[in-house]
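Engineer: Chain residues, written in single-letter form:
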Amino acid sequence: MLVGFCARVREGDLVTLESTPLAAPILRELYRKVLEAGGQPLPRVSLEGLSENLLKHGNDEQLAWVNPARSDDIETVDVRIALEAPGNTRRLSNVDPARHARHERSSEELRNRYLERAAAGELRWVLSAYPTEAAAQDASMSLVEYEDFVYGAGFLDDPDPVARWQQFGERVDRLAAFLSTKRELRVVAEGTDLRFVTEGRTWIPSKGQENFPDGEVFTGPVETSVEGEIRFTYPGVFHAREVDDVRLRFEAGEVVEATASRGQEFLREMIAMDEGARRVGEFAFGLNEGVAIFTRNTLFDEKIGGTMHLALGTAYPETGGLNRSALHWDLICDLRSGSEVLADGELIYSDGQFLNGVG
Amino acid sequence: MSDPRYDRLAELVLDHSLRLQPGEVLRIEADAVAEPLVVPLHREAIKRGAHAYAALDLSGLTELLVAHGAEEQIGFVSPIALREMDAIDASITIWSETNTRSFSRADTDRRQRQLAAQRQLALRRRDRIARGEHRWCGTLCPTEAHAQDAEMSLEDYEAFVFGACHVLDDDPVAHWTGVGEQMQARADELAAVRELRIVGEDTDLTVVVRGRTWRPAYGRKNVPDGEVYTSPVESGINGTIRFGFPAVFGGREVDDARLRLEEGRVVAAEAAGGEDYLRSLLELDDGASGVGEIAFGLNYEIDRFTRNILFDEKIGGTMHLALGMGFEDLGGLNRSALHLDLICDLRREGEVYADGELVWRNGHFLQDPQPARPAERVR
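Heads up: the protein sequence lines correspond to chains W and B, in order. For the first sequence, this note's numbering begins at 7 and goes up steadily by one. For the second sequence, this note's numbering begins at 125 and goes up steadily by one.
Here chain W stands alone, though its shape is the one from the complex (with noise of 0.2 angstroms):
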């Protein structure tokens, strides 16, 4: 699935394979797939005992340090697939988040270019992850149960996922047509009224080519109209971290209240990053009905089909989105029950389901 429908390798494509040794299966079934579609895989292959290092014991001059190989590779390779195989996911909480930001804010300028390359269609690639111990844990299951729960997300219990991908992107293209049609949103639920203007904007259907598994519709908000208060139903994850019923209000664009229950501090740390950090970089609607439940892992948890979703920071290029920064921190919301969208106006998406037949 990786390499054939979500990467599309082609022969003389040079394809970087990124993860830690513990999805070495998966990396070697990887690495020879490559080589029978012809072309070049290169492993890149880190332990998370490295960056724990970095960020422990690094002075300023290191933690801004960008590897010219690795500037080279997102500058060089026509796709990375990158697998999350956590060895314990909680490594780094410990650490000094002005330190981690410090760390964050250094390879900013890398990721832009690589959201340009990606946008521009130089780059294609896919994020997906290879069940471990560490992720089952934070999900509460078993890693049989885990196991099962991610190849679920994936429809790789169905018996041909490729039809039931494409059948499932029809679906998702319907949805982003759909929306593309509306100038301006809004959502209401328990705790949130939220409004704000895509028109202009494009709508992307993300249907298991750049993640996977996948399932969303999402885009970028017209920066300076993103008005009112929202209240996250899902913990927000970031570096290692948890912040708990997070609640922002929005004026002209940017945030000017952040409370939390519990990881108050880090949330506003974050939010001050930088420019960008305190303005909205994504909407989204997750689709996918196969992820049910809220396992701690963003690449699940903002594609779990009935909620929504909204980005601090920077902006996928592809959307017309023109917000920068080196935070993209997805915070997620449940509207499966006792929640509203209305377009401009015209409710459209009701207790997690969208109305009317469109999606």
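Since the hints were derived computationally from the structure, they do not count as laboratory data. Please note: incorrect hints may appear among the correct ones.
Unchecked claim - Derived Cβ-Cβ restraints for the label pairs, each shown as a range:
id: 1; chain 1: B; residue 1: R143; chain 2: W; residue 2: R111; range: 27 to 37 angstroms
id: 2; chain 1: W; residue 1: S77; chain 2: B; residue 2: Q236; range: 56 to 66 angstroms
id: 3; chain 1: W; residue 1: K62; chain 2: B; residue 2: T301; range: 23 to 33 angstroms
Said to hold, decoys possible - Quick list of in silico lysine-lysine cross-link-like pairs, DSBU-like style, CA-CA up to 35 angstroms:
id: 4; chain 1: W; residue 1: K62; chain 2: B; residue 2: K171
id: 5; chain 1: W; residue 1: K62; chain 2: B; residue 2: K345
id: 6; chain 1: B; residue 1: K171; chain 2: B; residue 2: K345
Using N, Cα and C, we set each Cβ at its ideal position, and we do this for glycine too.
Once you've looked at the hints, dock chain B against the given chain W.
Structural biologist: Positioned in the frame of chain W, the structure of chain B alone reads:
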């Protein structure tokens, strides 16, 4: 919890071998199985202000390339990797493997072509080292695979490796600095020698070394280390030599090799095991049947054969001779894609004569090195 022995090995490599400076870019190259050493190396390098990162391989990937890759995939040299080589000030190769025999059944031609492509990277690094733009060191992290080759448990093998590296000494850097001074004196002394004669079991070989530079190896480019070596005069090797230890090359062994050399060329070769393989290596190219190196192994903490050349060639009391590629910077002229180290045990029954004078018996030089007088060095 990190094992302090790994931390100390990391410190030795960074402070003695590489003399790593703040702001320098360091690349650590290893198989992921070397994680117990990669992590402390990276941590200590970060603490020293360097920009350190690891480039990790996973066991089984290159094996897939050799088994299934098309010609152009096998011969591919990453342009990213070539550019990367120009941007780094220092690098460490950790030779640890997950399985030392994973290429045993691979197609030899395909494997050779894949290695030849990767050699372009090694050559670029060699050129940068020669220009003083790059510092490099090779070392090993104990793994089950290497312990198995050494016929030991991992615990015993760790003790062997760390002992050979002298990392449990009070001051490992001081130890290796001292070794360096002693070996430099020995190298200076050998520089005055015209011809060596090596006599042992089934061995009587004369080797002309006049005019060649001897180099002490004391933990700068290898950890562990401990040899004094040169490239002998190419046409000046005559006689017979028997190598009691198996030679391991490309995952295959040549056992109990016996060679007869005339004017520096192998004219007869036999082996108790792997004789065909030995012959195929000798035919690899023109330089493969010539001699590229002669050396004394002087690390007496290494007292046994472990099927790993990093250690075996330094066994205290042995000599080794390498067929193939010589060292240009020591005056060596032989060129080959081969560099096959063959180890001759001189510990029980061995004598070495320097210009007719007995200088070595049963694994030891008879006298501490006497620095040569300036007049002799000039001559």
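Engineer: Each hint needs a verdict: does it hold in this structure or not?
Structural biologist: So, going through the hints one by one against the coordinates:
1. The given range of 27 to 37 angstroms is respected by R143 (chain B) and R111 (chain W), whose C-beta atoms sit roughly 32 angstroms from each other.
2. The beta-carbon spacing between S77 (chain W) and Q236 (chain B), approximately 33 angstroms, falls outside the hinted interval of 56 to 66 angstroms.
3. With their beta carbons about 31 angstroms apart, K62 (chain W) and T301 (chain B) fall inside the hinted range of 23 to 33 angstroms.
4. A distance of roughly 9 angstroms separates the Cα atoms of K62 (chain W) and K171 (chain B); the hinted pair therefore holds under the 35 angstroms criterion.
5. Using a Cα cut-off of 35 angstroms, the hinted pair K62 (chain W) and K345 (chain B) holds, with the two alpha carbons roughly 29 angstroms apart.
6. For the hint linking K171 (chain B) to K345 (chain B), the alpha-carbon distance of about 22 angstroms falls within 35 angstroms, and the restraint holds.
Checked against the numbered hints above, the structure breaks only hint 2 and satisfies the rest.
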